[in-house]
Structure formats: structure tokens, C-alpha cells
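**Student:** Listed below, chain by chain, are the residues.
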Amino acid sequence: KQEVTQIPAALSVPEGENLVLNCSFTDSAIYNLQWFRQDPGKGLTSLLLIQSSQREQTSGRLNASLDKSSGRSTLYIAASQPGDSATYLCAVDGGSQGNLIFGKGTKLSVKP
Amino acid sequence: DAGVIQSPRHEVTEMGQEVTLRCKPISGHNSLFWYRQTMMRGLELLIYFNNNVPIDDSGMPEDRFSAKMPNASFSTLKIQPSEPRDSAVYFCASSQQRGGKDEQFFGPGTRLTVL
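As given, the protein sequences belong to chains D and U, one line each in that order. At position 89 of the first sequence the residue is numbered 89 (the working numbering), and the sequence of numbers has no breaks. At position 16 of the second sequence the residue is numbered 16 (the working numbering), and the sequence of numbers has no breaks.
Derived by calculation from the structure, the hints in this document are not laboratory data. Heads up, the beta-carbon is just placed ideally off N, CA and C, and yes, glycines get one too. Treat the hints with care, since some could be wrong.
What the hints assert, rightly or not - Cross-link-like lysine-lysine pairs, in silico, DSSO-like; alpha carbons within 27 Å at most: (1) D:42 to U:24; (2) D:42 to D:111; (3) U:78 to D:42; (4) D:107 to D:42; (5) U:24 to U:68; (6) D:104 to D:68; (7) U:78 to U:68; (8) D:68 to D:107; (9) D:42 to U:68; (10) D:1 to D:111; (11) D:1 to D:104; (12) U:68 to D:68.
As the list claims (entries may be wrong) - Selected chain U positions facing chain D (in silico; Cβ < 7 Å): (13) 16; (14) 28; (15) 39; (16) 40; (17) 103; (18) 106; (19) 108; (20) 109.
Produce the entire structure from the sequences given, and follow the hints as far as they go.
**Tutor:** As C-alpha cells, this is what we get:
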């Protein structure tokens, strides 16, 4: 059974820092991996999707990497801003036509 | 595009009452997903549809839960009778399946409170 773990559960950094959020999964047979952002009381916003054949994806200050063999993904946020404060969720698609398995998320707080 | 639309945004009901949550997926998407989010268990998939057909409902917790998708632009999740432990945020998501790039887009969620 696929399990997704995100470490740390919470992270507080000063504005301007570069930071890395970690995601690990137990079954490397994944279809793709998706990173989401969730603001308090809101839905999920898709940030990046990495297909199983890809190693990384970039969008603006965000870079996500995928290492299937080791069951790991990282989300790198450059030059963090207070507006980046949110919970970041990692989810893997095991290929069952869309069954996303989510981690519990990392709650990020960027202090001005 | 308006994105995935869910209604109501908030629902407060009493134990034993029927609850119906509604979702309109993004136009052109062929897959629709219902998730439930709680503090204890995080986000869990309840059921998903492909081309309006239920594919996997193994996440539906009990027979009290049922979901339908009568057409490509509408789905409902019904709980009857509701119980306090059903209190959670229910999300609907949709995607256009295209061989690995099946990015899911989420609605704003329905916050359900069962008293």
C-alpha cells in the first residue's frame, strides 16, 4: 500500500530564504507526482506535476524534483516571501486512473 | 474557465439528516474525484468517475455515502443519514486524462458540520 510522508510537518523561515520541502513515498511504481498549495480554509492549488519519466519541473521560483528509485521528491522555493505561507501537499498517482495518495503536508510560514 | 465549482460552501446539519454536496467539473475534463479532508486522516479519495462512470468507490466509508454523475458537467455526493463523524471538508476535483499528465484541479471545498 502506497504511503506518502512529508517532512517537516511545519517550517518557519525568514523572508528571502531558499527552502526545501521533502516528500517520500514507499512504492516507486508511480504514474506521476503532484505538488499542491493549500491556503487556510481554501481548496488546493496545483503547483507542479512531474511525470514518472521526468526528473524535475520548474515554475517561477518553484522547482520540484523526482527520484523514483529512492522514492523521493523535493520542492525548492527560492527567495521565499510572506505570500508563500501556506500548507504544501505532495500527492502521488499510482496509475489507477487517478487515485492520488496525499501526504499530510508541510505548513510553511515565511516571516517578514 | 471558472474552475471546479462546488456547492454549498458550508453546510451545518443535524445528525440523521440527508446531506447532498454538488460539483461542476471543468468543462472538457473527463475524470471527476471526490475527496474528504480531516485533521486526523488528511486528504482521502472517496470515489472517482471516468466519462461519468464510477471507476473506484473503495474509499467510500459506508453505505450511507453515495455518489452520482448523471452527465459530464454535474456530480453529487450524498450522505444519508449523516453522523457527527462525517464532519470534514469535502473536495471535488477534475482532470483531463492524457497519458501521465493528468493534473487534477480542485474546487474550493464544502465544509460540512454534523451536529
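**Student:** Work down the list of hints and note, for each, if the structure agrees.
**Tutor:** Now for the hints, and whether the structure bears them out:
At most 27 Å may separate the alpha-carbon atoms for a hinted pair to count; residue 42 of chain D and residue 24 of chain U meet this at roughly 17 Å. The suggested pairing of residue 42 of chain D with residue 111 of chain D holds, with an alpha-carbon distance near 21 Å, which does not exceed 27 Å. Distance hint between residue 78 of chain U and residue 42 of chain D is fulfilled; the C-alpha atoms sit about 22 Å from each other, no more than 27 Å. With a CA separation close to 14 Å, the supplied pair residue 107 of chain D and residue 42 of chain D stays within the 27 Å bound.
Straight-line distance between C-alpha atoms of residue 24 of chain U and residue 68 of chain U comes to about 12 Å, which keeps the hinted pair within the 27 Å bound. For a cut-off of 27 Å, the pair hint linking residue 104 of chain D to residue 68 of chain D stands: about 20 Å separates their Cα positions. With a CA separation close to 9 Å, the supplied pair residue 78 of chain U and residue 68 of chain U stays within the 27 Å bound. Proximity of residue 68 of chain D to residue 107 of chain D is assessed by CA-CA distance (about 24 Å); at most 27 Å being required, the pair is judged to hold.
Distance hint between residue 42 of chain D and residue 68 of chain U is fulfilled; the C-alpha atoms sit about 24 Å from each other, no more than 27 Å. At most 27 Å may separate the alpha-carbon atoms for a hinted pair to count; residue 1 of chain D and residue 111 of chain D exceed this at roughly 38 Å. Straight-line distance between C-alpha atoms of residue 1 of chain D and residue 104 of chain D comes to about 16 Å, which keeps the hinted pair within the 27 Å bound. The straight-line distance between the Cα atoms of residue 68 of chain U and residue 68 of chain D is roughly 35 Å, outside the 27 Å bound, and the hint therefore fails.
Against a cut-off of 7 Å between C-beta atoms, the interface hint on residue 16 of chain U is violated, since the closest Cβ of chain D lies about 27 Å away. Below 7 Å, beta-carbon pairs count as interface contacts, and residue 28 of chain U has none with chain D, the closest being about 16 Å; its hint is therefore violated. Hint status for residue 39 of chain U relative to chain D: violated, with the closest Cβ pair at about 9 Å, above 7 Å. Among the interface hints, the one on residue 40 of chain U is violated; its C-beta lies about 10 Å from the nearest C-beta in chain D, farther than the 7 Å criterion.
Because the beta carbon of residue 103 of chain U sits about 5 Å from the nearest beta carbon in chain D, less than 7 Å, this interface hint is met. A cut of 7 Å between beta carbons decides the hint on residue 106 of chain U: the least distance to chain D is about 4 Å, and the hint holds. Restraint check, residue 108 of chain U versus chain D: the minimum CB separation of about 4 Å is within 7 Å; hint holds. A cut of 7 Å between beta carbons decides the hint on residue 109 of chain U: the least distance to chain D is about 5 Å, and the hint holds.
Violated hints, listed in ascending order, are 10, 12, 13, 14, 15 and 16; each of the other numbered hints is respected by the structure.
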